[in-house]
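S.K.: The residues making up each chain are set out below.
4 protein chains.
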Amino acid sequence: MKRIGIVGGTGYTGAELIRLALTHGEFEVACVTSRGDAGTPVTKVWPSFAGFLDLDFTEPDPGRLAECDLVFFATPNGTAMTAAPELLARGVRIIDLSADFRLKSIPSWEHWYGMKHASPALVAEAVYGLPELNREAITGARLVANPGCYPTATTLGLIPLLEAGIVEPRTLIADAKSGVSGAGRKASLAHLYGEVAENFHAYAVDGHRHYPEIVQTLNAVSAEATDITFVPHLLPMFRGIHVTLYARLRERVADLQALYGARYDGHPFVRIEEANSHPDTRAVYGTNLCRISVHQVNENQLVVLSVIDNLTKGAAGQAVQNANLMFGFPETQGLTAPPMAP
Amino acid sequence: MKRIGIVGGTGYTGAELIRLALTHGEFEVACVTSRGDAGTPVTKVWPSFAGFLDLDFTEPDPGRLAECDLVFFATPNGTAMTAAPELLARGVRIIDLSADFRLKSIPSWEHWYGMKHASPALVAEAVYGLPELNREAITGARLVANPGCYPTATTLGLIPLLEAGIVEPRTLIADAKSGVSGAGRKASLAHLYGEVAENFHAYAVDGHRHYPEIVQTLNAVSAEATDITFVPHLLPMFRGIHVTLYARLRERVADLQALYGARYDGHPFVRIEEANSHPDTRAVYGTNLCRISVHQVNENQLVVLSVIDNLTKGAAGQAVQNANLMFGFPETQGLTAPPMAP
Amino acid sequence: MKRIGIVGGTGYTGAELIRLALTHGEFEVACVTSRGDAGTPVTKVWPSFAGFLDLDFTEPDPGRLAECDLVFFATPNGTAMTAAPELLARGVRIIDLSADFRLKSIPSWEHWYGMKHASPALVAEAVYGLPELNREAITGARLVANPGCYPTATTLGLIPLLEAGIVEPRTLIADAKSGVSGAGRKASLAHLYGEVAENFHAYAVDGHRHYPEIVQTLNAVSAEATDITFVPHLLPMFRGIHVTLYARLRERVADLQALYGARYDGHPFVRIEEANSHPDTRAVYGTNLCRISVHQVNENQLVVLSVIDNLTKGAAGQAVQNANLMFGFPETQGLTAPPMAP
Amino acid sequence: MKRIGIVGGTGYTGAELIRLALTHGEFEVACVTSRGDAGTPVTKVWPSFAGFLDLDFTEPDPGRLAECDLVFFATPNGTAMTAAPELLARGVRIIDLSADFRLKSIPSWEHWYGMKHASPALVAEAVYGLPELNREAITGARLVANPGCYPTATTLGLIPLLEAGIVEPRTLIADAKSGVSGAGRKASLAHLYGEVAENFHAYAVDGHRHYPEIVQTLNAVSAEATDITFVPHLLPMFRGIHVTLYARLRERVADLQALYGARYDGHPFVRIEEANSHPDTRAVYGTNLCRISVHQVNENQLVVLSVIDNLTKGAAGQAVQNANLMFGFPETQGLTAPPMAP
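Protein chains in written order, with this note's numbering: chain A, 1 to 342; chain B, 1 to 342; chain C, 1 to 342; chain D, 1 to 342.
Next comes chain A alone, as it looks inside the complex (with noise of 0.2 Å):
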C-alpha cells in the first residue's frame, strides 16, 4: 500500500482521484487538503462519499504532505510549482493535474498563464504524463506533469497520422467539444445549470491555453513543423470530451486502421474502434479509456473522432496511470471497471 495526498480536493478533479483511490487496491488516501474546508469531514462537501472515506480535510502542510509517497495536485494553475520543491527534496513524488510543469517553453508558459513561473528548473525536469507517449519517461519520473484534458483526446488521435507523416501537418483541424466539468467546480455564472442545460456554444475561438500545449506533443512526434486549429465548445453535460479532427492525407494509405492498431498496440487504455464507428462519450464514462475511430471521408480528407472522460482518461484517471507506472503497478490497477453506461 501506497499512502497518497490529494492537494485541492473540493473540486472535481480531487473528488475523481478519491473515487479512484478507493476502489484502486494499492493507494491509501493518507491526506485530502482543502485551505477553505480544513477540519471538517470530506463528507461534507461530497456527501456521496459518506461511508467510504473517513477523513477530515486539512491545510496543504508540507510536513504532512511528506509523510506521503506521493501527493497529487488537483489545484489550481501555480500552486505545485511553489510548492513541489519542497516536497521532491523530502523524498515525494509528484503528479500535477495543473498545467504548471506541461510546457517546456517557459515564455510560452508565462504568456499563456498570465504569471511567472516559480520553479522553471523544475520544469525541465518533468515528464509530460501521456503514457501512450512517454510511458519509460514516466516510470522513472519525480515529477509529472499530467496532460491536459483537450490535449489528451486531440494528440492521442494524431500522433499514428504525424508519426507516419501522411497529412499536412499545418491545416490540422480540431473541433473539441467538452462536458461542463472540464471548468472545475467553482462557483460562477457561466456554469449554472441555467446557463448550460438545453444550450451549446463555442468559446476561446481565438486562443485557448491547451493550443500551445497540444502543439507542443504534436512537433514532438511530427518530422515537420505543424499548426492546429483548435475550437472549444461546451456542451450540455457533465463528463466527456469528444474531438473531431480533420486532417488532410498527403499519400494513400494501405490500412488507416493497421496503423492505429500497430501504433497503440500494448498501450491498453487506447481502443481502436471499427471503421466508420461513432464512439460515444457514454462509453467511456468514469473509465480511462480513448476510443478512437478514423474515417476517410475521400481521397484526401479524413475525420478522426477520438473520445475520453476529461475527467479520468483527461485527468484523474491519467494520473493513476501514471501513478501505477512509478510504483511499478499494473498499469491498469484499480482502472479496469467497464463505464457507467448507461
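No wet-lab data here; the hints were simulated from the structure. By construction, the Cβ of each residue, glycine as well, lies at the ideal position given by its N, Cα and C atoms. Among the hints, erroneous ones may be present.
To be verified - To give an idea of the interface, some chain A residues facing chain B are shown, with a C-beta separation under 7 Å as derived from the structure:
id, residue
1, Thr23
2, Val45
3, Pro47
4, Arg282
5, Ala283
6, Ala341
Assemble chains B, C and D onto chain A, guided by the hints.
M.R.: Relative to the frame of chain A, chains B, C and D by itself:
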C-alpha cells in the same frame, strides 16, 4: 467462480447486471440472451462494453441456461414464470427481476398484471428478495423474487416505523419520483428525450402495480393492516429514485435516529443519514445503497426521505446482493464501489 | 403605452419580465437597473435579447424610476421595502416580486426573513397579488405584493377545497418540486450544472419561507385554522413547478370537477384539466397558466396536481397579469402565447 | 386571414407550425392531419395546446386540404411529392418541409433518398425556400421546398465567403451539432432519454442526406465548384443547431464584419454578431433567427459560427417566413417574439 446467465440482456437492468458482474470477482457471465439479437455481439447493443465483454447474445435456450449456476431474469413480466419450472428442475437457481413472483396473492397478481399466472405453485416457494427483511430465507432459496424499485425504497423507509407500531398505519403517503430508466429500454414516444427532458409530471395516480407489492410488505411488518397513497412521478434524469414518505406519529418517540439505526444495524446497504439531512440521488448513483433521513416536522408529522439507484438497489444490485447470499459470498461482494459522483 | 421600469434586471425573473414586456403591446421598457452592470448594454448579460432590446442597465436611481408609470422590483428581499415609499409618493405604482410585502404579520416576516422591516406601514396597504383571490383589490392598488412561486401553485390547488370546507384543514401536505430557476441567478456551487443535472433531492424540510405565506392564504379562505406540511424538492430542469397536494376529505363530494370548474370560472389562467389527468410542466412552459387536475384515490384521500411555470405564473407573468389589472388592460394582455412546447 | 393546413401534425415540426400559427395573426389553422390519430383531438397528442386549439386531427383528405389557401407538409420524405400535383391543380399553395423538392437533380435525389421520385416535373418548378437567397422567386411561388436544418445554418454561414470568392471552395468543413428534435418524433431506441442525455457522438460521417443539398446551394453562389466535409453530431438537448465552419482564405480581406453585414442587410432574420463573439443556441431558442459570428484565427484560417433553432429557422419558422412572402405579408409577421431565454 459461479456461472451466471442473464435472460433479457438488451434492457437497462440487463446491462446493469452485466456491469456489476464484470467487476464482481466470483461471477463468470456464461450467457446473455436476447430473442431479437441472438447471434450478434452484446457490444452491438452496448458499445460501452466493447473491450470488456466478448460474447454474443443467444436464444434463451433452456439447455444452455441449465449449464449456469444461477440465472437472472431481466425480462418483461410473464417470461420468468413460464421458464422457471424447468430450470429449477435442472438444479439452476433463479433470481427473477420481473414481477412474476413478487405477490403472494395469485388473484391480486392476475388483477394487476392482466394475465393468468403460469406457475402459481412456485409463488409460494419464492422468497421475496429484500435482504433487510428476509436475509435468512434468501440464503437458502432456489427462487428469489427481486423486489420492485419503488417498493424497495418505500418499504425500507417505513419498516422501522411500522415494526415499532408508532405511526398511523392506514394514512401513509409515498410521493415517489423516479428517473426514466425505471421505464425500461423500449422504443416508446413517452420516453424520448424530447418528452422527458426539462419536464416533470405524475403518472398512474389512480393505480400503479407497485401499490399491492408495497402494501404486502408493509402488512408483513405491521401489527395492524396498512394502507398507503402511492403517487409516482417521472424525473427528467436517468437513474435514481427519491421517495418522500409522510406518516403521522401516534406517540412521542425518544429518538428516531436510534430507532432507524438499530433496525438496520448489520445491514450494510442501508445507511441512516444525519438527522435533518437531504440525501440526493447522486449519492447512491450506481451503488446498492439506500440512504434514509428522518425528519419530524411537527408534533405528529414525520417526513422520511429514502433514496436509491433504481437500477442497482432497485434492481440489478439487489439481485447481486441476493445472489451473494444464496451462494454464501460476503453480502457486499462486488458492490463496494463508491457512487459515480459527481 | 405605459412606461415600465424593472429594478434588478440581471436575474431570471428580470429577464422574464423583459421577455414578456417585449411582446406585450402596451408596455415600453423605459429602464432596467443593475447596480453591478450599470452603463453596460442589457444584451451583455442577456445576449439572447440582442436585436430585440437596445438599452443600457442604469443605476436604480429614484429620479429616473419616477418617470415610469409602474416599477417592477425583481430584487433580493429587502430592497423594495426601502425604495417603495419614495416611488409611491411620486405617484409610481409598484409590483414587488420579492417577499417584502407578502406577509401581513410583521413579526412573522422578520422571523422568516431575518431582518427588520423598513416599511411596516406599507405592508398593510399592499395587496397580495393573487388575482384569482384578490382581483378587485389589485385593480385599485398602488402597491402589489406578487406571490411566491410555491404559494401560487399550492394555494390555487387548495383554495376550492378550503372554501368549500370539505377537507381536514390541518393535515394538508404539499410535496413540491421546482426547476432550478426558482433559486435565481447567482454564482453558487449548489446550482452549478454539475450539482443539479441528473440529481434530485428535497431541501428545507424543516422550514421554508414560503410556508407562512401559504398558510396566510389558506387561512384567509378557510373557516377553520389550517396547517400544511410543505416539502420542497429541486428538479434537474430549469422552469416549472409541480405541486402534489394531499388532502383528506371530510364528506362525500358529488363532483369535484364541477367544484373546481366553478371556482375558477372567469379566471383565464387557471385551467382545470380532465379528471385523472397528469398535467406536465411542459404544458405551461413560458405561460401564465396554472393547470390543475384532481384525483380522488380512495374514499377519503384526494390528490391534487397543480402545475405552473415558476418564472411566469410564479413570478413575472403573474406580475404582468397584475399590471394589466392595475392599468385596466385586458387581464390576458401579452400573456396569450401557447407554451414553448415541445 | 388565410386558411392553412398542416399535413403531419404529430411530429415536432408540425407542432412548431401550430405554435407559430397560433400567434401569427393572419393564419387560421383550418386542418391538421394525421393518419394514425384522425378523429382524436390535437390536444391528445399535444396536451400543451389544451386551451389554445380546439381541433381534431383529420385524414389527409385532398378535398378538405383543397379548402386551404396553403398547405404545409410536415411529413416523412415521399409524401408531399405524391400529394402535391392534385393540390396545386386545385389552386392550393404548398410549402414542403420534407426533402421531396429540395434537390434539383432527380438522380441525386433518388440516390440519397432511396426511392423513385413521383413528381420530377414539379422539382423544376419548386423554389428552394431560403429567403436570404431566393426571396423574389419565393414571392411568386406556388410550391416551395423548405430547406433542411443543417443546410440552412451551413449555407447562411458560407454564402458571403463564396459569393465574394475569397476562400478555397473545395476544402470547406462544417462541423455541425444538432439537438435531438432534428431527428423527429418517432419511437426509436436511439432517441430515448437514456441514450441521448449526458452523451455525445458524431453520426453519418460517411454520408448524410444534407450533404448534396448543401453543395447544391454552395455551388449556386460560387464561381467555382465547391465541396465540403460535413460531419453532424447529436447534442444532448432538444432544440438548436450550431455549425462550426472552417474555411481557408485565399486573400486578405479588409473587413469580414462589413462583408457579412452588407450581404445580409435587409434580411431581418440573419444577425451578424460582434467580431469574436460566441453566439449560443439559447439566443435563438424558438425564434427564426440565424446568428453568425466570424473569427479569423490566423492568416489563412477562418472560423464561422452559425446558430439556428432547427425547429424554427431550420423548419417551421422558415416555412412561415416563406408563407409570409408568398402571401405578401410582412416577412417577419408572427416571427418577432424574442427567444424563450433563459
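S.K.: Each of the hints needs a verdict: does it hold here or not?
M.R.: Verification of the hints:
Proximity of Thr23/A to chain B holds as hinted, the smallest CB-CB distance being about 5 Å (cut-off 7 Å). Here the hint on Val45/A is broken, as its CB sits about 10 Å from the closest CB of chain B, past 7 Å. At a threshold of 7 Å, the smallest CB-CB gap from Pro47/A to chain B is about 5 Å, leaving the interface hint in force. A hinted interface residue such as Arg282/A counts as satisfied when its beta carbon comes closer than 7 Å to some beta carbon of chain B; here the least separation is about 6 Å, so the hint holds.
With a least beta-carbon distance of about 4 Å to chain B, the hint placing Ala283/A at the interface is held under the 7 Å criterion. With a least beta-carbon distance of about 4 Å to chain B, the hint placing Ala341/A at the interface is held under the 7 Å criterion.
Hint 2 from the earlier list is the only one contradicted by this structure; the remaining hints agree with it.
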